[in-house]
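> Whole structure, please, built from the sequences with the hints as guidance.
When you read off a place in the sequence shown, starting at 1, and then add 1, the result is the number in the working numbering.
It should be emphasised that the hints constitute simulated quantities derived from the structure, not laboratory data.
Treat each hint with caution, since some may be false.
Once the Cα atoms are required to be at most 25 Å apart in a straight line, the calculated SDA-like pairs of lysine to any residue come out as [to be verified]:
#1 Lys62 x Asp213
#2 Lys195 x Phe234
#3 Lys62 x Gln18
#4 Lys62 x Val298
#5 Lys62 x Asn211
#6 Lys62 x Cys20
#7 Lys72 x Gln257
#8 Lys72 x Cys20
#9 Lys72 x Pro52
#10 Lys72 x Asp267
#11 Lys62 x Ala188
#12 Lys62 x Pro27
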Amino acid sequence: MDIAQANEAFGIPGVLQICAGAGGFPLIAIDNAHARAEVCGYGGQVLSYRPVDEPHDLLFKSRQAWFQAGKAIKGGIPICWPWFGSAPPGSGRGDHGFVRTRHWRLLATEVMVDGATRLRLGIHDDEVSRALWPHAFSLELEIIVGRRLSLELISHNPGATPLHLTQGLHSYFRVGDVRRTQVLGLAGYDYIDKVPADSDAVHTQSGPINFDGPVNRIYLDTADELIIDDPVFGRSIVIARTGSRSAVVWNPWIEQSRAMADFGDDEYHEMLCVESTNTATDALELLPGATHRLGTVYSIRRDTLD
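Here it is in structure tokens:
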């Protein structure tokens, strides 16, 4: 289906338009009474979301992000599936699964009663995916763009054997200065510290998470609601999760930023990842015929917690 056909089938006049975006990838642009958003058909990836009364985007996207086939887009909300994190050494598979570097199909769009816009994208197994991961699957992503941004990742096992999955919504948030930003809601929870990358040390979080160096942590058996307190932008980002008992907090800091060609050397202080995941002790076994829903609702509160 080309751009014109996609607009004829799924476009909503004055609200939702499909166009050619960076790298020639299909871009779904949404502009409704509540917010503006952009979703890339490559990776099924939300790239931008900004409520109409909000001066700053909710999401961060690197100015050096690649928009090339086979490359992940650094920013927005990448979908990590069917494995989260590094692939086994020598497996020939990329990190964070393969659906973030595949084209998704737009399945449906609609205007909701409150004026929000709902869209649904999907991807399923094919010859290419089975060469990397030899299983049948059906994966859908429902996105609601309204006063809040809502994502639900729906994994279904149509096959005859169980699927073993780890997954995540790898959300990159824009912050005024990560050095003055805190993450709340994880005090008292255990985490696996992945700095350095081969570490598996387990610690217990004391108080809010502050940032004065690289952070890469998997929090275990977590609460449903997490908060990013950003006094520079004068806002808090509320992250409400369902179907997820683990969360990842990541900031690359200085050295790792300089080592990434698709990320600016100084961009680490403009961003923070707080990710809704099923990983580590929260890995999934999806039985034949079963479905799992990983949902997250992102909202902005203009009163910070200082």
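> Now look at each hint and say whether the structure bears it out.
Status of the hints after comparison with the structure:
no., hint, in the structure
1, Lys62 x Asp213, "holds (21 Å)"
2, Lys195 x Phe234, "violated (29 Å)"
3, Lys62 x Gln18, "holds (21 Å)"
4, Lys62 x Val298, "holds (19 Å)"
5, Lys62 x Asn211, "holds (22 Å)"
6, Lys62 x Cys20, "holds (19 Å)"
7, Lys72 x Gln257, "holds (18 Å)"
8, Lys72 x Cys20, "holds (20 Å)"
9, Lys72 x Pro52, "violated (29 Å)"
10, Lys72 x Asp267, "holds (22 Å)"
11, Lys62 x Ala188, "violated (28 Å)"
12, Lys62 x Pro27, "holds (17 Å)"
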